[in-house]
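Q: The chain contents come next:
There are 2 protein chains.
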Amino acid sequence: ELFDGRQADANLAEAIMTTDTIKKECAVRVRLSDGTLVYIGAICKGSGMIAPHMKVLHGTTLSLITTDANISPAFRAKWQQILDGSLNMVSVDGDQSTNDTSILLANGMAGGKCADDDPEFYNALNFVMTKIARTVASDGEGATKLIEVRVSGAETKEDANKLIKTIINSPLVKSAIFGSDPNYGRIMMALGNSGCKFNLEDVRLTIKGGDMEVPILDSGAPVFQDERSVEVVRMAMDNKEVCIIVDLGAGNESSVGWGCDLTYDYVRINAEYAT
Amino acid sequence: ELFDGRQADANLAEAIMTTDTIKKECAVRVRLSDGTLVYIGAICKGSGMIAPHMKVLHGTTLSLITTDANISPAFRAKWQQILDGSLNMVSVDGDQSTNDTSILLANGMAGGKCADDDPEFYNALNFVMTKIARTVASDGEGATKLIEVRVSGAETKEDANKLIKTIINSPLVKSAIFGSDPNYGRIMMALGNSGCKFNLEDVRLTIKGGDMEVPILDSGAPVFQDERSVEVVRMAMDNKEVCIIVDLGAGNESSVGWGCDLTYDYVRINAEYAT
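From first to last, the protein sequence lines are chains A and B.
The first sequence lines up with residues -10 to 264 when you count with the numbering used here.
The second sequence lines up with residues -10 to 264 when you count with the numbering used here.
Simulated from the structure, these hints should not be mistaken for lab results.
Do not take every clue at face value.
Note that identical chains are pooled: a pair holds if it fits in a single copy or bridges any two copies.
In silico lysine-lysine, DSSO-like type, Cα no more than 27 angstroms apart, as pairs [claimed, not checked]:
1) Lys120 with Lys229
2) Lys151 with Lys186
3) Lys67 with Lys229
4) Lys102 with Lys186
5) Lys154 with Lys186
6) Lys229 with Lys154
7) Lys67 with Lys154
8) Lys67 with Lys120
9) Lys151 with Lys67
Just so we're clear, the structure is a prediction, and the values are computed from it rather than from any experiment.
Let's have the full structure, built from the sequences with the hints guiding it.
A: Written out as structure tokens, the structure is:
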């Protein structure tokens, strides 16, 4: 027997959970350019084996997004853009699953003009998907912290994305963030390892945690000098959300991605998983 | 003051250790094709941030190999081949360091003909470097097990190497091996994730631990059927050395690489490392 309503929605969001500890849902209401009021709702699951590279119509994170907006099949290209900037920029462990799926269902019941090219709809859907992406990262298996990586000043968008994935997939960076250890050398290792173009002399690195934003490197050189300033970085890192901000100084492209820390619990969950 | 002799050699091998728990050294004596007796000795350090891609004359694993063989600068190409099949096929955490270095010193004091093209010398040096590579992998930070991955039947050598790196860098595969969990789905995930060419119907997967060699997949389908055979795989995995053997059935190329399990101690070492 099928139900509808809030309780049924919540039941579905709960039913798809596996090692998830947070129910992932998000809904917005947005007024489109032509005055139509539109709803967008989303549920999602995913905690381990998370490094999706979903292509539209081809895609273990599961997410289901519903809206009453009036959109056409031509919205696919924009849906791909939104996926590429949200769930496809999440990596819990770099291990891409074989069956990541994200489904956008639109029934057009809100009426109004076709919303394919309406920036209000795009921004609202992008807001929902970014929220869902952050929640998936923060609920990565064993995670105690959400890591956000913001790269700017990249020569190409590909460079920015490559660097973000190298940083959020580095077990050394992830462990350092778990331990609130201001080991910026590991972030610089990831820069060099990523293969993206930059001159060390142009690199700026900032770590943000809670309300504290602490400059680490300027023009490629360490800003902090003594043990006391190391303590400040440590305090910034001792937050549920740690943001690594890199300006490569090599161009005008930027991107954002999300991951989580590597903890004892990640090892426990995945070493003791009953096959 | 500088010394020579066994004690001085052992001191040097110990002096370069950081988070290493095993002193990495190896020496062989080999009779070359022209009858010359040659010695090759090697020391090495490296435990975390280990995923070297060393190029000759450009290369945090440090290794120093000495020999009295008579070789010329032209041996470089072969030295690169040996590095590519030994240390460059090791990955503890996928995090490539900024300063991996391997130095081969030859003083020619053994005399004899130039040994550049002597297969006896090549094989002896390759033996030493493979031994060193395996020791580095088995002493990865926090490691309790050495993982050897053997891929055969690949279309290209690049495919074989790409698959090996994807398997040994997968946190899910590494955690499963730590927990002796016969979760072959994670190995198959890595196959799909690697981007290498294969048909699932042609894939054979075997897990070897100690003297037990257990077929897991044949023609892409699971060989074992019941809980008892799962226990056999678990017993094979409960060994200091676990070997994952994949035949892709897609070609004639093969390769071998080494990694280690992902353990609580890896997280502890890298979360508590004092910057």
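Q: Next step is simple, just say for each hint if it's right about the structure.
A: Verification of the hints:
no.: 1; hint: Lys120 with Lys229; result: within (16 angstroms within a copy, 43 angstroms between copies)
no.: 2; hint: Lys151 with Lys186; result: both (11 angstroms within a copy, 23 angstroms between copies)
no.: 3; hint: Lys67 with Lys229; result: neither (32 angstroms within a copy, 50 angstroms between copies)
no.: 4; hint: Lys102 with Lys186; result: neither (44 angstroms within a copy, 46 angstroms between copies)
no.: 5; hint: Lys154 with Lys186; result: both (15 angstroms within a copy, 24 angstroms between copies)
no.: 6; hint: Lys229 with Lys154; result: within (20 angstroms within a copy, 32 angstroms between copies)
no.: 7; hint: Lys67 with Lys154; result: within (22 angstroms within a copy, 34 angstroms between copies)
no.: 8; hint: Lys67 with Lys120; result: within (18 angstroms within a copy, 52 angstroms between copies)
no.: 9; hint: Lys151 with Lys67; result: within (21 angstroms within a copy, 32 angstroms between copies)
When held up to the earlier numbered hints, the structure conflicts with 3 and 4 and fits the remainder.
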